[in-house]
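Just so you know, the sequences run in chain order A and B. Numbers in the numbering used here are just positions in the first sequence, counted from 1, shifted up by 93. Numbers in the numbering used here are just positions in the second sequence, counted from 1, shifted up by 93.
Hints were generated in silico from the structure; no laboratory data involved. Some hints could be false.
[Unchecked claim] Covered by chain A, per the in silico footprint, the following chain B stretches (three or more residues, Cβ under 8 angstroms):
id, segment
1, 131–145
2, 402–410
3, 413–421
Note that the Cβ used here is the ideal one computed from N, Cα and C, for glycine as well.
Protein chains: 2
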Amino acid sequence: MQQGFEFTLHCSDSNCDARRSTFTTPHGLVEMPAFMPVATLGTVKGLEIDQVRATGAHMILGNTYHLTLRPGEQVVRELGGLHQFMGWDGPILTDSGGFQIFSLAQRTKVTERGAEFQSHIDGSKLSLTPERSIQIQQALGSDIAMVLDHVVSLPNDDAAIRDACERSIRWAKRCQELSAPLQAQFAIVQGGLDKELRKECAARLAELDFPGYAIGGLSVGEPPAAMYGILDATCSHLPADRPRYLMGVGRPEDLLQGILRGVDMFDCVMPTRNGRNAFAFTDSGPLRMRNEIHRTDDRPLEEGCPCIACRRSRGYIRHLFMASEMLGPILLTAHNLTYYQRLMSDAREAIEQNRFVDFFRGKMAGWGAPAEIPG
Amino acid sequence: MQQGFEFTLHCSDSNCDARRSTFTTPHGLVEMPAFMPVATLGTVKGLEIDQVRATGAHMILGNTYHLTLRPGEQVVRELGGLHQFMGWDGPILTDSGGFQIFSLAQRTKVTERGAEFQSHIDGSKLSLTPERSIQIQQALGSDIAMVLDHVVSLPNDDAAIRDACERSIRWAKRCQELSAPLQAQFAIVQGGLDKELRKECAARLAELDFPGYAIGGLSVGEPPAAMYGILDATCSHLPADRPRYLMGVGRPEDLLQGILRGVDMFDCVMPTRNGRNAFAFTDSGPLRMRNEIHRTDDRPLEEGCPCIACRRSRGYIRHLFMASEMLGPILLTAHNLTYYQRLMSDAREAIEQNRFVDFFRGKMAGWGAPAEIPG
Numbered sequence: 094m095q096q097g098f099e100f101t102l103h104c105s106d107s108n109c110d111a112r113r114s115t116f117t118t119p120h121g122l123v124e125m126p127a128f129m130p131v132a133t134l135g136t137v138k139g140l141e142i143d144q145v146r147a148t149g150a151h152m153i154l155g156n157t158y159h160l161t162l163r164p165g166e167q168v169v170r171e172l173g174g175l176h177q178f179m180g181w182d183g184p185i186l187t188d189s190g191g192f193q194i195f196s197l198a199q200r201t202k203v204t205e206r207g208a209e210f211q212s213h214i215d216g217s218k219l220s221l222t223p224e225r226s227i228q229i230q231q232a233l234g235s236d237i238a239m240v241l242d243h244v245v246s247l248p249n250d251d252a253a254i255r256d257a258c259e260r261s262i263r264w265a266k267r268c269q270e271l272s273a274p275l276q277a278q279f280a281i282v283q284g285g286l287d288k289e290l291r292k293e294c295a296a297r298l299a300e301l302d303f304p305g306y307a308i309g310g311l312s313v314g315e316p317p318a319a320m321y322g323i324l325d326a327t328c329s330h331l332p333a334d335r336p337r338y339l340m341g342v343g344r345p346e347d348l349l350q351g352i353l354r355g356v357d358m359f360d361c362v363m364p365t366r367n368g369r370n371a372f373a374f375t376d377s378g379p380l381r382m383r384n385e386i387h388r389t390d391d392r393p394l395e396e397g398c399p400c401i402a403c404r405r406s407r408g409y410i411r412h413l414f415m416a417s418e419m420l421g422p423i424l425l426t427a428h429n430l431t432y433y434q435r436l437m438s439d440a441r442e443a444i445e446q447n448r449f450v451d452f453f454r455g456k457m458a459g460w461g462a463p464a465e466i467p468g
Numbered sequence: 094m095q096q097g098f099e100f101t102l103h104c105s106d107s108n109c110d111a112r113r114s115t116f117t118t119p120h121g122l123v124e125m126p127a128f129m130p131v132a133t134l135g136t137v138k139g140l141e142i143d144q145v146r147a148t149g150a151h152m153i154l155g156n157t158y159h160l161t162l163r164p165g166e167q168v169v170r171e172l173g174g175l176h177q178f179m180g181w182d183g184p185i186l187t188d189s190g191g192f193q194i195f196s197l198a199q200r201t202k203v204t205e206r207g208a209e210f211q212s213h214i215d216g217s218k219l220s221l222t223p224e225r226s227i228q229i230q231q232a233l234g235s236d237i238a239m240v241l242d243h244v245v246s247l248p249n250d251d252a253a254i255r256d257a258c259e260r261s262i263r264w265a266k267r268c269q270e271l272s273a274p275l276q277a278q279f280a281i282v283q284g285g286l287d288k289e290l291r292k293e294c295a296a297r298l299a300e301l302d303f304p305g306y307a308i309g310g311l312s313v314g315e316p317p318a319a320m321y322g323i324l325d326a327t328c329s330h331l332p333a334d335r336p337r338y339l340m341g342v343g344r345p346e347d348l349l350q351g352i353l354r355g356v357d358m359f360d361c362v363m364p365t366r367n368g369r370n371a372f373a374f375t376d377s378g379p380l381r382m383r384n385e386i387h388r389t390d391d392r393p394l395e396e397g398c399p400c401i402a403c404r405r406s407r408g409y410i411r412h413l414f415m416a417s418e419m420l421g422p423i424l425l426t427a428h429n430l431t432y433y434q435r436l437m438s439d440a441r442e443a444i445e446q447n448r449f450v451d452f453f454r455g456k457m458a459g460w461g462a463p464a465e466i467p468g
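Chain A with its partners taken away, still in its complex shape (with noise of 0.2 angstroms):
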């Protein structure tokens, strides 16, 4: 492992193949299964840094193409660096791009050499290359940078995702070549849901000795049984003694399918984005906060949460978005991604004591969604 980074295996669950770790960056420890909050542009929308700090939160996430785009890496660079630029002391994940130049850019044309498209903001001409996505990332400072990949959308036919996964390994070592201190590079899985090329993938990727490994191009609209399978196939062929980071997921029951077949990190904007539409995530299901029923409804979110908004009742929460407050889109922010952390925190306890089957289908039955166990 590079100097600065350490993952340290703690235990497996000896039901399933759920595991419990800690990996160190040089900005702190990040305790896996882990969560990370999306800051896209540099803010987790709505809360103030040490409001994000207060959820539990070990590592946060930033997005390249964003931030290339505004305020641009060298301002952040001049401003002391994404850690400084936004003042998170702790650990910080930078993605490469890839997958908003899939999602968001326009008029995207892909090459061997990178791809060229177009701004979402001013439909202005850009190009990423592997090389730029790296270099963006070593601007930024960020703890991990991951290699630039190519994503397709599902379903699409063989030989376009065959060619994006052998482009996406073509384009992990271009990466690797570039890898600077204090960053670890993390290689990321395509191969869409072909379970053949995921495994093929994976084991090419681990022979190149990255300090991580991402699972992508998954939760862009495919049934969550064919993700979890994907998952089923490509984990065991990833190496234990290396993070390995499920990328753009997801909902609560996703993330712990996920820990279920050793995955030990997620990053999703559902808590957030969720949180600013008046959903609010609770153990027996979602509440929609703009309705009538909490009206008067003096109870918090969640008993025994302890987070800003559940010193509040349901009655003030509905209010404050039936008047478009902020204060509503905040709370609830707040309040699902501390739901996020102890689901994690959680599952972090249950791995320990060799009972994360039983929390897994403890806290699926308070969802109501289907538990069933994968094998």
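The hints should help you fit chain B onto chain A, whose structure is shown.
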């Protein structure tokens, strides 16, 4: 003074009319001169309640007109009253709705009984009488309730101003008859820009022995000097042993001009509204945070300011506004409210040390504001 309330005048500055006092309420002390942040709909826009407390505010203001429309005072009452509803355990002052009927409601018709108008939200027909205003404020459970007053636009003809002033006095008496324990009512001096009428109104309301007195109907477009002239004419005719509240004012320089003339309390949306519009108050005048000049500026908004915004750089705050991130308005709201509270705290200290006039001149010079002293 009513039970549960106490006004203690600690000292006056010997070179002007500035006073240092404390007002005791059932929910705690208010050190005066004091500035009240505006929590229109049960939230200081953009801030979580702990962040409001951290700005140094002792008392906040809620709007009767807005809260009776949304969520309705009965909902607030069912959820424990305004203090519990919004999580503020300090003193709360509610206005009467008089100013909003004048400024915000549509097709307003004022008769001796009260005002008939249409909601600015959905156009529904509503009425507000002096009795109803007090009833709403009692349901909200504020520490200080304002009597319903009849506000008219300025300039206006003498008869209309006199008529509204006389009606405001009659309405004050009707409110006083409904006075209840644990809630102090403040009367409101009207009279437009007519100094004699202001004096008369102040003297006649003083005879009614209210626990506090407000100066209303100002900051409605008249020149600042005209407002200061009215303060000169009015304050000396209000009882020295009761707090004096200048409603809806104002800019930092207006606050100091008011304190110089013996005003004890202020409220205004300026620090919060301007903050949401990228405008930051500092001792050397305002900063417009969308300006290109701040792009890579690593300084805080104001050296020595303890607020959450001043832990970040001007460059970061500019980025947040350029990217339309919620955190931009949040941080500037916190900064501006902290700026106002520090100004009040420094003013209190200056009065205690009998150097308020020097303090006044120093601040005015920093802002580039005219600092003529009356008399």
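Are there three or more residues in the segment 131–145 of chain B whose C-beta lies closer than 8 angstroms to some C-beta of chain A?
holds (count 9)
Is the coverage entry for the segment 413–421 of chain B by chain A consistent with the three-residue Cβ rule at 8 angstroms?
holds (count 6)
Are 3 or more residues of the segment 402–410 of chain B near chain A, judged by a Cβ distance of less than 8 angstroms?
holds (count 5)
Checked against the numbered hints given earlier, this structure breaks none of them.
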